[in-house]
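Chemist: Spelled out, the chains give:
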Amino acid sequence: MSAELSESLARFFIGGVIVSFFAVLAEMFRPKSFAGLFGAAPSIALATLGLTIASHGPHYAATEARSMILGSIAFLCYAASTTWLLWRFKPSALTATLSLLPIWFAVSFAFWLAIR
Amino acid sequence: MIIGARFSAIKGIKPHEWIIRFVFGGAVCVAAGLIAQHYGPIVGGLFLAFPAIFPAGASLVEAHEKQHKARAGYNGTNRGRTVAAIDAYGAAMGCIALAGFALVFCIWLPRTSPWVVFLLATLAWLTIAVGAWLLWRKLRHRAATHKTDSR
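In order, the protein sequence lines correspond to chains C and S. Mapped onto numbering that gives the first Met the number 0, the consecutive letters of the first sequence carry residue numbers 0 to 115. Mapped onto numbering that gives the first Met the number 0, the consecutive letters of the second sequence carry residue numbers 0 to 150.
FYI, nobody ran anything at the bench for these hints, they're computed from the structure. The C-beta atom is built at its ideal place from N, Cα and C for all residues, glycine as well. Heads up, none of these hints are tricks.
Examples of chain C residues lying across from chain S (beta carbon under 8 Å, computed):
| no. | residue |
| --- | --- |
| 1 | G14 |
| 2 | A22 |
| 3 | K31 |
| 4 | F33 |
Simulated pairs of lysine-lysine, DSS-like, Cα-Cα distance not exceeding 30 Å:
| no. | chain 1 | residue 1 | chain 2 | residue 2 |
| --- | --- | --- | --- | --- |
| 5 | S | K146 | C | K31 |
| 6 | S | K68 | C | K89 |
| 7 | S | K13 | C | K31 |
Start from the sequences, fold in the hints, and give me the full structure.
Modeler: Below you can see the structure in the form of structure tokens.
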């Protein structure tokens, strides 16, 4: 098995476990506004940054983390828009969350254009 | 009690919901790794804050609330969507903490042990997330009190 494939498998397994763990926390906690905090938990970062440090070194991972700050702002814009749409027009949650996903891409792309 | 945990809620999660979360989570982590490999750490880093399971999570929150109301004999469609909106509001507050996690990581990683940085960043995320939520709750309570007093 190639090193790339085994790294991808490790990412898949660790990512699945960590994301499921935070999903369980979100399911357990009340009130829902508090449980929602786990929807923006650093699950992908926790799952992948360790492997990135091991394969590319700490400086590469720190660059990724710097970029992640901008990704978080894009996520904030996306989550705030989703809240507004669901609160104001009451579409189904899946429709609202999927239809507004381009906001995350647009804000992230704008940041990428600004810092590249 | 301000914040509560119900362990019995875990039993309510159906097998296909576990699978959706596991597969989505795993797939996004693999995709983030591949994107970083092809486009470099700047683009790859953006995807570390990708709303991976947020759509699946919000729709499951809506479905659970709807089922809960249906068991009581009500049509819970509107209630389910309102709860999904509240969940999304919580996620928006969580994004501030997510940025805090990333900030701690990029400041400390080059000079400290990765284990220590993981611990510090996770603690920072938890502190900021809970702090932001408590602050929001306090402000909301104050606004409600002020509104009642002014009547």
